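Chains as they are written, first to last, in this note's numbering: chain A, 16 to 371; chain B, 8 to 252.
In case anyone wonders, no lab produced these hints; they're calculated from the structure. Since this is a predicted model, take the numbers as computed values, not measurements. Heads up, some of the hints might be wrong.
Restraint ranges, calculated between C-beta atoms of paired labels, are given here [as the list claims (entries may be wrong)]: (1) B/Val231 - A/Ser71: 40 to 48 Å; (2) B/Gly50 - A/Ser56: 28 to 36 Å; (3) A/Val350 - B/Asp66: 34 to 42 Å.
Pairs of lysine-lysine residues, derived as DSBU-like cross-links and limited to a Cα-Cα distance of at most 35 Å, are as follows [as the list claims (entries may be wrong)]: (4) B/Lys94 - A/Lys199; (5) B/Lys251 - B/Lys188; (6) A/Lys219 - B/Lys11; (7) A/Lys219 - B/Lys20; (8) B/Lys11 - A/Lys208; (9) A/Lys200 - A/Lys57; (10) B/Lys251 - A/Lys229; (11) A/Lys57 - B/Lys94; (12) B/Lys15 - B/Lys197; (13) B/Lys11 - A/Lys282; (14) B/Lys197 - B/Lys20; (15) A/Lys208 - B/Lys232; (16) B/Lys94 - B/Lys11; (17) A/Lys204 - B/Lys94; (18) B/Lys20 - B/Lys161.
Derived list of chain A stretches under chain B, where covered just means 3 residues or more per stretch with a C-beta under 8 Å from a C-beta of chain B [said to hold, decoys possible]: (19) 121 to 128; (20) 209 to 222.
Heads up, the beta-carbon is just placed ideally off N, CA and C, and yes, glycines get one too.
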Amino acid sequence: MNERILMCGNEALAEAAIIAGLDAYFGYPITPQNEVPEYMSKRMPEEGRVFLQSESELASINMVFGAAATGKRVMTSSSSPGISLMQEGISYLAGAELPAVIVNVMRGGPGLGNIAPSQGDYFQATRGGGHGDYRTIVLAPSSVQELVDCMPLAFDLADQYRTPVLVLADGILGQMMEPVVFNKKPRRKLPPKDWALTGADNRKQNIVRSLWLKEGVVEQHNYDLQAVYKEIEKNEILCEQYEVDDAEIVVVAYGIAARIVRGAVNKARQEGIKVGWIRPITLWPFPTEQINKAADNFKIFLTVELSCGQMVEDVKLAVAGKAPVVFYGRAGGGVPTVEQVLEKIRQLTLRPENII
Amino acid sequence: MMQKVFSKPQALKDCPTHYCPGCGHGIAHRLIAETIDELGIRGRTIGIAPVGCAVLAYDYFDVDMVEVAHGRAPAVATGMKRTNPDKIIFSYQGDGDLAAIGTGEIIHAAHRGEQITVIFINNAVFGMTGGQMAPTTILNQVTTTTPLGRDASKQGYPLQVSELLTLLPGTIYIERCSLHKPALIRNAKKAIKHAFELQLNNAPGLSLVELLSPCPTYWRMTPVKAIEWMENEMTKVFPLGRLKG
Ligand SMILES: Cc1ncc(C[n+]2csc(CCOP(=O)(O)OP(=O)(O)O)c2C)c(N)n1
Chain A
16 MNERILMCGN EALAEAAIIA GLDAYFGYPI TPQNEVPEYM SKRMPEEGRV FLQSESELAS
76 INMVFGAAAT GKRVMTSSSS PGISLMQEGI SYLAGAELPA VIVNVMRGGP GLGNIAPSQG
136 DYFQATRGGG HGDYRTIVLA PSSVQELVDC MPLAFDLADQ YRTPVLVLAD GILGQMMEPV
196 VFNKKPRRKL PPKDWALTGA DNRKQNIVRS LWLKEGVVEQ HNYDLQAVYK EIEKNEILCE
256 QYEVDDAEIV VVAYGIAARI VRGAVNKARQ EGIKVGWIRP ITLWPFPTEQ INKAADNFKI
316 FLTVELSCGQ MVEDVKLAVA GKAPVVFYGR AGGGVPTVEQ VLEKIRQLTL RPENII
Chain B
8 MMQKVFSKPQ ALKDCPTHYC PGCGHGIAHR LIAETIDELG IRGRTIGIAP VGCAVLAYDY
68 FDVDMVEVAH GRAPAVATGM KRTNPDKIIF SYQGDGDLAA IGTGEIIHAA HRGEQITVIF
128 INNAVFGMTG GQMAPTTILN QVTTTTPLGR DASKQGYPLQ VSELLTLLPG TIYIERCSLH
188 KPALIRNAKK AIKHAFELQL NNAPGLSLVE LLSPCPTYWR MTPVKAIEWM ENEMTKVFPL
248 GRLKG
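For reference, chain A alone in the conformation it holds in the complex (with noise of 0.2 Å):
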């Protein structure tokens, strides 16, 4: 499949997940998702490959986590109160070291929120999210094009590394539609599941566990789970960077806030603003070493999320001072427009002195 195929972002994840070789769907529908499991519902049956309807989130996280204990390849998305409600599962898949990916199509929130567009799970997702001290590879993407390209990579991380990988998109991406291509890139070389629960047959018993009450084992279980996330920071950060060299003002954005800058920097730029941008692909692990070095030459720092401001802490931490960090969002399901980030973005040429 090369040609260019107009898909929405939901359907487009799916079918790229099924390229990627998912072996299992399991998920329970909620707004702005539902287009994911009603396009695996008949996809997956076709390629012979499994879809079922959970009876909640808590459900179809811990079928993945089943699924993924005998070494298959397998998903599941929901919205942000879905996402919620998996917490507890992605903490035992993260103690269990298993391999699965979650998309979360953002939207409003706290609690039932609405169905509109939003950035509001930014902590949720790189903060762990359930108990423990466990971190999750996030991928965010920002166009349909990049949501269908992040799929095989967030498969191939989690059995890389052994963990649950978030996809983090939000109402518009999923929803939008746009020319999509399903490349089919080179795999990267995975290590053997050799720990897969697939019956003890003529070998040793395989266990998948995230309890053992020795003194000592758990605390060395966290310690061994650090080094696998130091080894994530050291290889896989992705981030794209415009035209931050000459820039007095870099905007920070991610997901589809960052359509919306792209859009708002190149209309300053033609106004004679020097402007660039910076977008984390990967929330975590955080671009810190490349927004701290372009701190190195004094610029004011703008981040704009569809949030109260959760990534402008990371931002914050990344700059450690070296310059000022503003903060630009709208929340709830309210969406930025390209006009509003551009005027922030002139008041910030008009009074630097007041933000420092």
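Please build the complex by placing chain B with the ligand on the supplied structure of chain A, with the hints as guidance.
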């Protein structure tokens, strides 16, 4: 020449368990292990340990095993069986695990007719956390959270999950057995074996064996008294026998 007439099942490891004196978990483990041996399915069996006193079951069973979140075993089993229809999947769950926190998962796995085998250990208390009330605690039974005895007007009646599950078309076999007498234990073995055989023969649905199991420690009784209590009280609330199939 001496002849060997009895031995430890291959599917059980040669080690002591952590279970209290008079506890039924060890007996239940043995019956399952014997079944796995007799059916010759060790190489294709995956067991699911609960959160509860049997959380370390994989230290005793010598088959591939997973330990899962409290109550979620039927969902995990679903994920395993759907992606591995040739494997024999069993969950081993206590009455807190299956009848309290995991009620949703067992009802829906049964409702979908998942082809799995569930061994349900009913000891009328939460053992692992220190003997609190379970949904299966019988009326007037004293536990650490019903110090005056279970009162129907405050804590409801004992929950008969097995009877409830018989109503679902997705269940093909449900039997309640008890581990308090040798004859009953032999019968429990037959039931467990039947439940596994159904799965082995791709019978279309879920099979469940409930085992009434003594917990002398948290019933605050001697093992002998515990067995008398099961005979005189517990089996009245949870009558033994084949409920379905
Ligand atoms: C989410 C969650 N809630 C509570 C607990 C604490 N907990 C551990 S075992 C258990 C009850 C176990 O009782 P049961 O299922 O009857 O098994 P038994 O120990 O009696 O064999 C509870 C409440 C837990 N581990 N996880």
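Okay, the hints, checked on the actual structure:
1. Checked against the hint of 40 to 48 Å, the pair B/Val231 and A/Ser71 passes, with Cβ atoms roughly 44 Å apart.
2. At about 34 Å, the beta-carbon gap between B/Gly50 and A/Ser56 stays in the expected band of 28 to 36 Å.
3. The hinted window of 34 to 42 Å between A/Val350 and B/Asp66 is violated, with their beta carbons roughly 53 Å apart.
4. The straight-line distance between the Cα atoms of B/Lys94 and A/Lys199 is roughly 32 Å, inside the 35 Å bound, and the hint therefore holds.
5. Distance restraint check for B/Lys251 and B/Lys188: the Cα-Cα separation of roughly 23 Å lies within the 35 Å cut-off, and the hinted pair is therefore satisfied.
6. For a cut-off of 35 Å, the pair hint linking A/Lys219 to B/Lys11 stands: about 26 Å separates their Cα positions.
7. Between A/Lys219 and B/Lys20 the CA atoms are separated by roughly 12 Å; this keeps the pair inside 35 Å, and the hint holds.
8. Taking the CA atoms of B/Lys11 and A/Lys208, the gap is near 40 Å; set against the 35 Å cutoff, the hint is violated.
9. Our distance criterion of 35 Å between C-alpha atoms is met by A/Lys200 and A/Lys57, whose separation comes to about 25 Å.
10. Using a Cα cut-off of 35 Å, the hinted pair B/Lys251 and A/Lys229 is violated, with the two alpha carbons roughly 42 Å apart.
11. Restraint check: the Cα-Cα separation between A/Lys57 and B/Lys94 comes to about 26 Å, which is no more than 35 Å; the hinted pair holds.
12. Distance check on the hinted pair: B/Lys15 and B/Lys197 sit about 18 Å apart at the alpha-carbon level, within 35 Å; holds.
13. Distance hint between B/Lys11 and A/Lys282 is unfulfilled; the C-alpha atoms sit about 88 Å from each other, more than 35 Å.
14. With a C-alpha separation of about 22 Å, the suggested pair B/Lys197 and B/Lys20 falls inside the 35 Å cut-off, and the hint holds.
15. Distance check on the hinted pair: A/Lys208 and B/Lys232 sit about 49 Å apart at the alpha-carbon level, beyond 35 Å; violated.
16. For the proposed pair B/Lys94 and B/Lys11, the alpha carbon gap of about 32 Å is at most 35 Å, so the pair holds.
17. Between the alpha carbons of A/Lys204 and B/Lys94 the distance comes to roughly 28 Å, so the proposed pair stays at or under 35 Å and holds.
18. With a C-alpha separation of about 44 Å, the suggested pair B/Lys20 and B/Lys161 falls outside the 35 Å cut-off, and the hint is violated.
19. For a cut-off of 8 Å, the count of residues in the segment 121 to 128 of chain A with a CB near a CB of chain B stands at 0, and the three-residue condition is violated.
20. Using a Cβ-Cβ cut-off of 8 Å, 9 residues of the segment 209 to 222 of chain A lie near chain B, which meets the minimum of three, so the contact claim holds.
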